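Engineer: Position one of the sequence shown corresponds to residue 1 (the UniProt record's numbering), numbered consecutively onward.
No lab work stands behind these hints, which were simulated from the structure alone.
Just so you know, these numbers come straight off a predicted model, no measurement behind them.
Do not rely on the hints blindly, as some may be mistaken.
[What the hints assert, rightly or not] Straight-line Cα separation of at most 27 Å, BS3-like style, residue types lysine-lysine; simulated pairs: (1) K273 <-> K218; (2) K51 <-> K219; (3) K273 <-> K70.
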Amino acid sequence: MSNWRHKVWRNLSSIQGASYSTTPSRTNKIKLDDLRKIRPMILRRIENRAKDYPVKEIVPVAEEILIARKNLISNVTALLKVFPVLTCKFCSEVFVGKEGHLIETCRSYIRRGNNRLHEWVPGSINDILVPVESYHLHNISQGVIRHEQRFDYDRVPAILELCCQAGAIHPEEILQYSKIHDNPQISDDDIRSLPAADLKYVGANALMAWEKVRAGVKKLLLVYPSKVCKRCKEVHVGPSGHKARLCGVFKYESWRGTHYWEKAGVNDLVPEKVVWHRRPQDPVVLVDEGRSYYGHAPAIVSLCSHAGAIVPVKYACKMKPQGLSFFFTNSVPNLET
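All chains should be built: construct the whole structure from the sequences, respecting the hints.
Structural biologist: Encoded structure:
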């Protein structure tokens, strides 16, 4: 303790009539001795924590998630061969359709504007199913990952890491599993030659698999703890978050340093990419003046509805299927930005 702190505490002690001492009190020494005695017991309980996992009753749930995830990726890949998906060049906005909307919601830090028109480019499956990765742990009871150890651990999809800890995947096979099932090989000719009835069946299967994945992840999160950063949405599947100082690494982010961990939910591991949804009563190109009339939907739901799949009722409040539309006379407005 520096000299100026000693002087401040002495002055405070003289004013309050109390004695000041830089040496630890007898009570603090007793507490420190007690902590030293119980420290081995705490470490032993942490090491024995892995014996309780995986829970045998939850293993079938994790296996169902893997099957549903595989079907979801293959069906969405097939739908993207027929229905175009656009993404903004400067922000994370996504739109399902041949022509992007003209709603001024681009708030990219690159363009330095609050409300601008989007510049659309072709999208991919990562724009529909947002990838969320986390560190792959060798053992659930291992120590906390330090900042200098951040390159010693592989990054894998968070869902696969959750299923791996649940006992559905062997820890040494998770990387190979991700390479095989995350890149299905589907030819363009086979998909484009399918009739409309079969495309509707593909969309219904994709929507069903999406619901199964989310329902299964919700069950696993009740048993296997997961953390998410409150500021940057970094996900860590495990009892405690890592200490890699990666929060706010970009200049435009306000926070830089360690993560602020809290309990993760389903939307943190399986995000709902909400997009503007064009209904049959809406104009060909959505304009900014009618933004209060249009509906919203998760990107996967909007894609499956374009294929003819029946959307669950719980999305009706966002999609506004029977709602009014903005009155617009011209079919295609001016596309100049």
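Engineer: Hint by hint, say whether it matches the structure.
Structural biologist: Hint-by-hint comparison with the structure:
no.: 1; hint: K273 <-> K218; in the structure: holds (18 Å)
no.: 2; hint: K51 <-> K219; in the structure: holds (20 Å)
no.: 3; hint: K273 <-> K70; in the structure: holds (19 Å)
In summary, the structure agrees with every hint in the numbered list given earlier.
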